[in-house]
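A.B. asks: The whole structure should be built from the sequences, with the hints applied where relevant.
So you can see what is in the structure, the chains are spelled out below.
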Amino acid sequence: MATLEQSQAVYEVCPRLVPLNRQQTCWDGLICVKGQDLHLRIELPDDRDHRRAKLLGDWLLNQHLRSYRHLIGQRLQNTPDLATFLSELKNILEHTMQHQSEASKSQPSVTMATQCSQVIGDIGRLGWEKLSSIDPSFSSLQLISEGPNGSKHYITVHLDPQHPVVAPTCTTDLPGETLELHWTHQSTLADIYTQFEESLGKYREFWDTVAEIDEQTWVLEPERPMPSDRSRRIALGNNSSVQVTVDPLYPKMLPEFKFLGADHVINPMRDKLNANLKDWDTGRSLLSNLKTLLDIQFPSPQSSSREDFSEECGICYSYRLEGAIPDRACDNPQCNKPYHYSCLYEWLSSLPSGHQTISKYGFNTIFGNCPYCDVPIKIKRENNR
Amino acid sequence: MATPWPMQKRLQNELLHLQRDPPVGISVNPNSASSTLTLWSVNVVGAPGSLYAGEHFQLQFTFGKRYPFESPEVIFIGGNIPVHPHVYSNGHICLSILTEDWSPALSVQAVCLSIVSMLSSCTEKKRPPDNTFYVKTCSKSPKKTKWWYHDDKV
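Just so you know, the protein sequences line up as chains V and Z, in that order.
For the first sequence, full-length UniProt numbering gives the first residue as 1, with consecutive numbering after it.
For the second sequence, full-length UniProt numbering gives the first residue as 1, with consecutive numbering after it.
Some hints could be false.
To be verified - Okay, the calculated beta carbon distance ranges per label pair:
#, chain 1, residue 1, chain 2, residue 2, range
1, Z, N29, V, K291, 52 to 62 angstroms
2, V, P333, Z, T145, 54 to 64 angstroms
3, V, P333, Z, G78, 39 to 49 angstroms
4, Z, V135, V, R270, 31 to 41 angstroms
5, Z, T145, V, K291, 55 to 65 angstroms
6, V, D295, Z, T145, 49 to 59 angstroms
7, V, D308, Z, H17, 12 to 22 angstroms
Said to hold, decoys possible - To give an idea of the interface, some chain Z residues facing chain V are shown, with a C-beta separation under 7 angstroms as derived from the structure:
#, residue
8, P6
9, K9
10, W102
11, S103
What the hints assert, rightly or not - Distance condition first, Cα-Cα at most 16 angstroms in a straight line; then the derived EDC-like pairs of lysine to aspartate or glutamate:
#, chain 1, residue 1, chain 2, residue 2
12, V, K152, V, D208
13, Z, K146, Z, E55
14, V, K378, V, D208
15, Z, K9, V, D58
16, Z, K9, V, E312
17, V, K34, V, E94
Just so you know, the hints here were simulated from the structure itself, not pulled from any lab data.
Computed from a predicted structure; not experimentally measured.
Every residue, glycine too, gets a C-beta built ideally from N, C-alpha and C.
C.D. replies: In structure tokens form, the structure reads like this:
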């Protein structure tokens, strides 16, 4: 009787799944999901406990259930009988088949192929020598442009899956804003390249300006300037330096200045610069303006070595600490010991208050003494560090 | 503020310097510092002309994670602990630069030189007056002792 009820229930869920023996321990047939027939075989142990059933199927069924093995095992344990399990199985299959058909819709391989051949055609018209690299899926490529002075500039183009309907996104090594593309459905890679070269032209004067600084002074930071770097930290000597940040579109205008180092060295420089600001001459290069206004000759690679300006921090004994270089120095002219901001901060704030000259935290400033010469030294707390 | 701990780099730097260019009478035991850098043993020789001339001593340096913001722990170890009014018989040393007068400007080399000079200025070889009591009651680390630096003549 029980077997009859069971076969009736199974019949209602999967009409084409039939028992192969009288004991109903082996079922074979088709399970129909979303109009598709999948071959299924179920083997039960002799006591017909469905929780220990073996589920077999053709490769298509296996393919669909690949990532659901765990879930199916769980359902098998929790369902009261075979028929309920089969209807659960149907649900899972419906879900995965729905999911997979959506996934395949979004990346139709035919469109991919058209896009690839279009990209290859585009590159051919542009010239293969201008291609620096391309990824295997043809969705991201890098183009190169060589400047008149041998400088190389790169633009990375990421093509949208719906290229050329949707405009590609570009990343460049330009110092200014990101490249604003003018893009229509008819645009090609050649149009991007032309726009890229046009904007390179806008920054030519900027690169000449920073090249002069890089050649004639000791640039402490960045260690290896990139075409997009707008700042240069120029060594002044005596553990002091000036950081200039250049406007890439107006490189001959007055840049931003930040002096770093011991007060007794940098304060007179700052005063001199401020007093002479009116003499800034936009007809001359930034470096020559700087030399005139500060009335100094910068230490140059011709007359000095880099080690003269990369003195180690007096606390951690290294020059570069987590990317930072020493930018503080003791104000005592006889001492002048350089420190990293973080090292000096750590030392001064770890001192017991008995060692402080004035209150330890006065107006966001920590007071203490130079570890080497014992002359008072102070450090401002910087929130951005 | 995320503070980077510069300990490792600084110790490497100091070790290199001390091995390449050691001051007279001071040498790092090369095997002691090799693995972790946090435990060194340094051999020092009593300065010529002092009461300890030619005597060999061994110092042990233990560096914490906060070195050089915090002083290292320095004690005499081995068979020969100098008999000195500031050196206890368990190797602990009463020297202000090892605790409250420490500064990151000091280094292993500076500490060794200070200790040699402390030995050199001694006029009479004797233990500190409270030696028996201190050795019985002190903590394992001399850095936990609240030192009272009573005289700086020796």
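A.B. asks: Each hint should be assessed against the structure and marked as holding or not.
C.D. replies: Okay, the hints, checked on the actual structure:
For the pair Z/N29 and V/K291, the supplied restraint of 52 to 62 angstroms holds, since their beta-carbon distance comes to about 54 angstroms. Hint check: V/P333 to Z/T145, Cβ distance near 40 angstroms, so the stated range 54 to 64 angstroms is violated. Evaluation of the 39 to 49 angstroms hint for V/P333 and Z/G78 yields a pass: the beta carbon distance comes to about 45 angstroms. At about 59 angstroms, the beta-carbon gap between Z/V135 and V/R270 misses the expected band of 31 to 41 angstroms.
Under the hint 55 to 65 angstroms, the C-beta atoms of Z/T145 and V/K291, about 59 angstroms apart, fit the expected range. Judged by the Cβ atoms, the range 49 to 59 angstroms given for V/D295 and Z/T145 holds: they are separated by roughly 57 angstroms. Against the hinted window of 12 to 22 angstroms, the Cβ-Cβ separation of V/D308 and Z/H17 comes to about 20 angstroms, which satisfies the hint. Checking Z/P6 against chain V: minimum C-beta separation of about 3 angstroms stays under 7 angstroms; hint holds.
About 5 angstroms separates the beta-carbon of Z/K9 from the nearest beta-carbon of chain V, less than 7 angstroms, and the hint is met. The interface hint given for Z/W102 is broken, as the beta carbon of that residue sits about 9 angstroms from the closest beta carbon of chain V, more than 7 angstroms. The criterion of a C-beta within 7 angstroms of any C-beta in chain V is met by Z/S103, whose closest approach is roughly 4 angstroms, and the hint holds. About 14 angstroms separates the Cα atoms of V/K152 and V/D208, which keeps this hinted pair within 16 angstroms; it holds.
Between the alpha carbons of Z/K146 and Z/E55 the distance comes to roughly 29 angstroms, so the proposed pair goes past 16 angstroms and is violated. Restraint check: the Cα-Cα separation between V/K378 and V/D208 comes to about 39 angstroms, which exceeds 16 angstroms; the hinted pair is violated. At roughly 62 angstroms between alpha-carbon atoms, Z/K9 and V/D58 are farther apart than 16 angstroms, so this suggested pair is violated. With a CA separation close to 12 angstroms, the supplied pair Z/K9 and V/E312 stays within the 16 angstroms bound.
For the hint pairing V/K34 with V/E94, the CA-to-CA distance comes to about 7 angstroms; that is within 16 angstroms, so the pair holds.
The structure does not agree with the numbered hints 2, 4, 10, 13, 14, 15 stated previously, though it agrees with the rest.
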